[in-house]
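Enquirer: One-letter residues, chain by chain:
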Amino acid sequence: MTRAPLHLPDPTLLLAALLAEGIRVIGPAPVQGAIAYEPLDRPEDLPKGLSDSQSPGHYRLAETAPGRWFDYVVGPQSWKKWLFPARQKLWSAERTADGFELGQPDEPWPRTAFFGVRPCEIAAMEIQDRVFDNGSFTDPGYARRRAGTLIVSVNCARAAETCFCASTATGPRAEAGYDLALTELATGTGLLLEIGSDEGARIAATLALAPATPAQIAEAKATSAATARAQTRAMPEAIAGTLKANPEHPQWEDVAARCLGCANCTLACPTCFCTDVEDVTDLSGDHAERWRSWDSCFSIDFTYVHGGAVRRSGKSRYRQWMTHKLSAWHDQFGSSGCTGCGRCIAWCPVGIDIVAEAHALSAPDPSLPAPAPHEEA
Amino acid sequence: MAAPLPTPDPMLPRRYRVTRAKGEIAGTATVELAPIDGAPMTFSPGQFNMLYAFGVGEIPVSISGDPARPGQLTHTTRDVGLVSKAIVGLKEGDMLGIRGPFGSAWPIEAAAGRHALFIAGGLGLAPLRPAIYHVLNNRADYAGLTLVYGARSPDELLYAEEISTWKSRLDTEVEVTVDHARPGWTGRVGVVTTALPHALAGTDPATIEAFICGPEIMMRFTLQALEAAGVSSDHCWVSMERNMKCALGFCGHCQFGGDFICKDGPVFRHDTVAARLGLKEL
Numbered sequence: 029m030t031r032a033p034l035h036l037p038d039p040t041l042l043l044a045a046l047l048a049e050g051i052r053v054i055g056p057a058p059v060q061g062a063i064a065y066e067p068l069d070r071p072e073d074l075p076k077g078l079s080d081s082q083s084p085g086h087y088r089l090a091e092t093a094p095g096r097w098f099d100y101v102v103g104p105q106s107w108k109k110w111l112f113p114a115r116q117k118l119w120s121a122e123r124t125a126d127g128f129e130l131g132q133p134d135e136p137w138p139r140t141a142f143f144g145v146r147p148c149e150i151a152a153m154e155i156q157d158r159v160f161d162n163g164s165f166t167d168p169g170y171a172r173r174r175a176g177t178l179i180v181s182v183n184c185a186r187a188a189e190t191c192f193c194a195s196t197a198t199g200p201r202a203e204a205g206y207d208l209a210l211t212e213l214a215t216g217t218g219l220l221l222e223i224g225s226d227e228g229a230r231i232a233a234t235l236a237l238a239p240a241t242p243a244q245i246a247e248a249k250a251t252s253a254a255t256a257r258a259q260t261r262a263m264p265e266a267i268a269g270t271l272k273a274n275p276e277h278p279q280w281e282d283v284a285a286r287c288l289g290c291a292n293c294t295l296a297c298p299t300c301f302c303t304d305v306e307d308v309t310d311l312s313g314d315h316a317e318r319w320r321s322w323d324s325c326f327s328i329d330f331t332y333v334h335g336g337a338v339r340r341s342g343k344s345r346y347r348q349w350m351t352h353k354l355s356a357w358h359d360q361f362g363s364s365g366c367t368g369c370g371r372c373i374a375w376c377p378v379g380i381d382i383v384a385e386a387h388a389l390s391a392p393d394p395s396l397p398a399p400a401p402h403e404e405a
Numbered sequence: 015m016a017a018p019l020p021t022p023d024p025m026l027p028r029r030y031r032v033t034r035a036k037g038e039i040a041g042t043a044t045v046e047l048a049p050i051d052g053a054p055m056t057f058s059p060g061q062f063n064m065l066y067a068f069g070v071g072e073i074p075v076s077i078s079g080d081p082a083r084p085g086q087l088t089h090t091t092r093d094v095g096l097v098s099k100a101i102v103g104l105k106e107g108d109m110l111g112i113r114g115p116f117g118s119a120w121p122i123e124a125a126a127g128r129h130a131l132f133i134a135g136g137l138g139l140a141p142l143r144p145a146i147y148h149v150l151n152n153r154a155d156y157a158g159l160t161l162v163y164g165a166r167s168p169d170e171l172l173y174a175e176e177i178s179t180w181k182s183r184l185d186t187e188v189e190v191t192v193d194h195a196r197p198g199w200t201g202r203v204g205v206v207t208t209a210l211p212h213a214l215a216g217t218d219p220a221t222i223e224a225f226i227c228g229p230e231i232m233m234r235f236t237l238q239a240l241e242a243a244g245v246s247s248d249h250c251w252v253s254m255e256r257n258m259k260c261a262l263g264f265c266g267h268c269q270f271g272g273d274f275i276c277k278d279g280p281v282f283r284h285d286t287v288a289a290r291l292g293l294k295e296l
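First to last, the sequence lines map onto chains A and B. Per our numbering, the first sequence starts with residue 29, numbered consecutively. Per our numbering, the second sequence starts with residue 15, numbered consecutively.
Keep in mind that the hints were calculated from the coordinates and are not lab data. Wrong hints could be hidden among the right ones.
[Claimed, not checked] Listed next, the stretches of chain B that the computed footprint assigns to chain A, with coverage defined by at least 3 CB atoms under 8 Å from CB atoms of chain A: (1) 25-36; (2) 83-90; (3) 102-111; (4) 238-245; (5) 268-280.
[Unchecked claim] Facing chain B, according to a computed beta carbon distance under 10 Å, are these residues of chain A, among others: (6) F128; (7) T140; (8) F160; (9) P168; (10) G169; (11) H358.
[Said to hold, decoys possible] Think about it this way: if two alpha-carbon atoms lie no more than 30 Å apart in a straight line, the pair counts; the simulated DSBU-like pairs of lysine-lysine are: (12) K99(B) - K117(A); (13) K109(A) - K277(B); (14) K272(A) - K294(B); (15) K99(B) - K277(B); (16) K272(A) - K277(B); (17) K181(B) - K277(B); (18) K105(B) - K36(B); (19) K277(B) - K294(B); (20) K117(A) - K277(B); (21) K181(B) - K36(B); (22) K76(A) - K249(A); (23) K117(A) - K76(A).
Each residue gets a CB set at the ideal place from its N, CA and C atoms; glycine is no exception.
Kindly generate the complete structure, drawing on both the sequences and the hints.
Expert: So this is what it looks like as structure tokens:
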């Protein structure tokens with residue numbers, strides 16, 4: 029099947045084709061003033077004419093040209109809400125005459141398409157793939173959901189002020205990791221549709237689309253390049269080594285004085301994966317369940333061992349989150365845990381900016397003696 | 015074509031039955047367990063299991079039995095919380111859920127030919143005992159066997175009878191010390207490090223492979239003392255403890271810098287964690 033890019037006049041045609049196949053489509057939906065990822069039951073459910081305004085501690089949906097489909101970027105939720113649910117029953121147990129019996133819930137996962145996945149979000153899924161299949165253990169529920177999901181991505185034609193994916197090499201254009209990829213062209217002139225898999229090619233073929241013209245292909249590339257250039261934030265390239273070498277940098281105290289420890293950043297982050305488990309019983313005491321729910325390294329109970337928590341200070345908890353995300357993650361999973369999506373910046377109630385903190389931590393620690401001037405041999 | 019076998023879910027416990035329950039020091043008990051179905055669990059010394067008490071919860075507990083007798087899965091637990099209280103209260107015939115074995119092991123077979131030095135503080139003796147059994151079972155393979163064991167008081171000495179048996183062996187050195195004595199105690203008084211010089215006397219430090227388990231502060235000072243005595247840090251092994259919810263590297267709770275204590279540890283070679291051990295609240 030051909031993999032040549034096609035011209036898609038209107039994204040709802042593709043949405044309709046997916047729905048016609050009985051695929052559950054989950055995509056962007058304005059919910060309570062923000063873009064969320066919810067089931068789209070009809071082609072006309074895809075929002076149009078929306079953009080957003082984001083900065084540290086700030087997110088507002090905004091209107092854009094009425095003909096634009098994808099000018100907003102990422103909202104507070106990420107696809108992990110679906111692949112790695114915030115609260116999940118792992119198993120249940122029933123008391124028997126001589127002990128107990130264990131059972132696992134059926135987890136139906138109908139054939140699903142994620143519609144409107146941004147390049148930084150593809151990167152986030154690939155990062156979580158390595159978390160939940162870590163070489164020693166596999167989370168079978170995550171693996172089943174991931175394998176049963178088609179990815180229809182959208183290359184960003186606009187960057188928010190909080191975006192820095194160009195510096196983390198996770199956007200604004202996806203080169204892989206999708207079944208189908210869209211790039212919105214000039215308003216009213218449709219979208220470029222790129223094919224990333226056989227299943228994507230099969231679905232695209234049902235639409236009987238015209239091939240994209242060289243001008244359209246060039247325009248899509250130029251759009252992605254312009255989006256990258258528009259980004260004002262950049263994560264320092266050497267940040268992994270910098271953080272590892274500076275566990276006692278005074279900036280940790282500075283950021284800890286502002287951080288509320290609210291865990292918003294870890295909940296909004298598309299790669300944060302920490303969980304807690306809760307064992308519950310009913311009133312009879314004969315029926316028990318284990319639930320897994322998202323947890324955060326900002327909670328003081330997170331490191332509790334008999335005798336008390338290991339990370340008692342806000343400084344140590346902020347240091348853990350940021351050093352893990354940007355440095356230790358490389359040791360654990362072979363990449364950074366940051367995709368440059370900017371969610372932790374926009375959704376921090378006090379506007380802490382991970383990029384600004386990374387730059388501050390990259391400055392020499394003033395409490396240490398300055399490096400000796402280079403001496404002539 | 016046969017359907018592929020479903021992937022076993024590492025989050026689902028296996029059921030075991032208590033075949034023997036024995037009280038140890040106050041608030042502490044040892045249980046022996048056999049699986050309800052399937053083969054006995056084979057494990058390596060230093061590994062741990064996640065023990066689930068019905069309706070209460072799950073905790074990590076080191077395996078404290080003899081690796082040569084996998085049919086007798088053994089755990090020693092102290093009652094410090096809701097789950098451990100339920101486990102300490104188990105009686106013969108009770109059922110327990112178990113996931114495991116998890117984690118890295120004491121490299122005790124690789125230490126053949128060397129002088130095995132075990133240094134334990136308090137309940138830290140439990141995760142060392144499987145390795146001690148291995149050396150005792152294969153004593154001729156090792157140049158020496160020394161146990162240095164410290165506890166807060168004589169009443170807090172775990173496996174006291176067994177330690178006397180080991181002490182009576184001519185091929186085993188045992189030094190026991192307590193932080194605080196009581197009337198009638200004729201043994202050594204002082205923290206573990208004070209017993210080290212006597213235990214090490216006459217042993218070439220270059221032949222020593224040290225295995226250390228106890229509270230983190232005890233391990234830090236013991237490692238300093240070993241270094242001062244000339245034992246190289248790449249021949250010292252420690253077992254670390256952190257909060258754990260899954261033991262699979264999924265829950266994130268046990269991170270220690272770039273390592274997950276649950277799957278990269280709990281046993282680490284000292285030189286690979288030395289810098290991190292010096293950092294507060296890591």
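Enquirer: Just pull the numbers of the violated hints for me, sorted ascending.
Expert: 2, 4, 7, 17 and 23
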